[in-house]
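Place chain B on chain A using the hints.
From first to last, the protein sequence lines are chains A and B. Just so we're aligned, residue 1 is where the first sequence starts under our numbering, counting upward by one. Just so we're aligned, residue 335 is where the second sequence starts under our numbering, counting upward by one.
Hints are computed from structural coordinates only; laboratory data are not their basis. C-beta atoms are modelled at their ideal positions from N, C-alpha and C, and glycine is treated no differently. Be a bit skeptical, because a hint or two may be false.
[Said to hold, decoys possible] Residues on chain B that point at chain A, a partial pick, calculated with CB under 10 Å:
#, residue
1, S404
2, H512
3, E542
4, E544
5, L548
6, F553
7, G643
[Unchecked claim] What follows is a set of in silico ranges between Cβ atoms, one per label pair, in the way DEER data are often shown:
#, chain 1, residue 1, chain 2, residue 2, range
8, A, I197, B, K539, 29 to 37 Å
9, B, S404, A, E321, 30 to 38 Å
10, B, R538, A, I197, 44 to 52 Å
[To be verified] Okay, derived cross-link-like pairs now, DSSO-like style, lysine-lysine, Cα gap no bigger than 30 Å in a straight line:
#, chain 1, residue 1, chain 2, residue 2
11, A, K202, B, K357
12, B, K536, A, K205
13, B, K646, B, K631
2 protein chains.
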Amino acid sequence: MKKKKNDGCRDLSLRQTAGFLKKHDNYIILSHASPDGDTLGSAYALYYGLNEIGKSACVICPDVIPEKYSYFARKTDHVSRENATVIAVDVADKKLLGALEEDFGDIVDLNIDHHVSNVRFAKNLYLDSDAAATAECIYELLSFMKVNINDITAKALYTGIVTDTGCFKYSNVTAKTHIIAAQLHEFDINAPEINRIMFDTKSRKLLELERMVLDASEFHFDGKCILLPVTAEMQEKTGCSGTELEGIAVISRSIEGVAAGITLKQTDTEEFKVSLRTYPPLDASAICKKLGGGGHKGAAGATAHGTLGEVKQTVLKAVKEAMEEVYAGVNTAE
Amino acid sequence: MKKKKNDGCRDLSLRQTAGFLKKHDNYIILSHASPDGDTLGSAYALYYGLNEIGKSACVICPDVIPEKYSYFARKTDHVSRENATVIAVDVADKKLLGALEEDFGDIVDLNIDHHVSNVRFAKNLYLDSDAAATAECIYELLSFMKVNINDITAKALYTGIVTDTGCFKYSNVTAKTHIIAAQLHEFDINAPEINRIMFDTKSRKLLELERMVLDASEFHFDGKCILLPVTAEMQEKTGCSGTELEGIAVISRSIEGVAAGITLKQTDTEEFKVSLRTYPPLDASAICKKLGGGGHKGAAGATAHGTLGEVKQTVLKAVKEAMEEVYAGVNTAE
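One chain only, chain A, in its complex shape (with noise of 0.2 Å):
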């Protein structure tokens, strides 16, 4: 998995990580733009982790963090930076760094990740590939370093785990996410409550969007397809924007039958950003290259242009082929 290369990045054991962190002091520990719950529980677990065992640190995060998370993200120290160290955490590449890129970008002098995308442009890497969330990563260094974890670090956790698994519904949970799951089960986190904040809650303008999506989406190809058009109506309507947006694509993926999900969210006039969700043997990331997009097998995007009537001609078409060619005489006719 340690690839050696020269590219000026050093990728570090978990050893050499832990002695990294012990040697060091003054730390920014930076997450990436756009937090959600794995950036920041890595953070801050790795924060109070830092501070257990005397060391100053603080969490730099380039956008507000929401305040659903306030039960682990506190204030941290205040550090100067002049001498920092600088760790990024959960942060694949220096553009997710969002607006502290210009000041931060080319001088993270340790990355903790799990992304196998990770473009290593810090000084050092510790990259666990096989991890399920960078919060796994930031235990198993807490826990070979032996520092004391307590309530809130748990909390922080395993609210990383849980947002990056589904909370361990997704194909990237191993034994040992369940393993550390169990440890962390054995403080006072209050797991419930934080699923509960993580998943189960959907504020009143995003239900009605959901109401005017569903009313709008349309079947094809004998139901194995189904089409969520998110309109700029809609959008201005109930007020519902940007990352809230997200949970749409996921339910054109739960429908019984539905082999191929489209969302098409209106970003400008003539403009759709395609979100493509699929299973096998459809391949999400083969159709969106065709439209000039990519991304994974079972979830990709692009961007499309034109109306709305424009854009679902186009990206219908290019599902049907991709039907025609995997399905032997699926029903594409309309």
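Same frame as chain A, but now just chain B:
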């Protein structure tokens, strides 16, 4: 935890239960009616385990086993009722045997269960009320007996555990639950596929029903209460009924700011099944008691008679009174 009661039901320890299973043969394993993943997963895992140690066993379910469980619910042995040893799994009361109650209700030799409310109807009872699922009990039994677990047994056990924990989300999850999950992950269980089947698959007709219910939903008491009516007309139009409707009540507690979610399912011309979901300090059980029903603090139910309008008024009045008791100065004026 083990209560000594002179009620003709003998409490068995794990060791005694293992001894019982080794001693007898020709097992008839019963699941409860309206079967779920835990009763079926437990029944089949026990069946596969008993087969491994050379015992004959069959699984009998009072209702048709839904197709979605076919990844572990296979054809079992033929066992004659004469001289059979009857085991019930995940059955807290003989009434829950449904169509099988008459034939088997009074002749259950061993009951394996995790419900604290178990009414002790069998001759022998292995009850672990700390287990999140009966499947946890079965796993412990098979482990204690050193019975070989194979992939299909592991799939059945994992299904039982995720069913009763909402995929590790609920408050019944303990460190032990995660440790067992970790051990089951060592087998080829394809957990993401099981979770997709169990949690992320919604029929088109249920989607249609949800759309109708959301269109008819009402917010009350400053947004602290949502009311979801599921009329007979909606059920007829979509063809959704019975256990398929269970997910609706879940929606009612997932909305930000909602402390009381009311679902009114029409069951006859002037009859409604009330499902109430609440968050502390509201107590669903206390509210439903006033309506002649009962349940748990967070989830309770009752039956109400009258037109939809009348039932709404009755239930909203009870919720309003409870809110006025626990929230100082809440605006319950409508």
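Each hint tested on the structure:
no. : hint                            : result
1   : S404                            : violated (15 Å)
2   : H512                            : holds (4 Å)
3   : E542                            : holds (9 Å)
4   : E544                            : holds (7 Å)
5   : L548                            : holds (5 Å)
6   : F553                            : holds (7 Å)
7   : G643                            : violated (23 Å)
8   : I197(A) <-> K539(B): 29 to 37 Å : holds (31 Å)
9   : S404(B) <-> E321(A): 30 to 38 Å : holds (32 Å)
10  : R538(B) <-> I197(A): 44 to 52 Å : violated (31 Å)
11  : K202(A) <-> K357(B)             : violated (53 Å)
12  : K536(B) <-> K205(A)             : holds (22 Å)
13  : K646(B) <-> K631(B)             : holds (21 Å)
In this structure, the hints that do not hold are numbers 1, 7, 10 and 11, in rising order.
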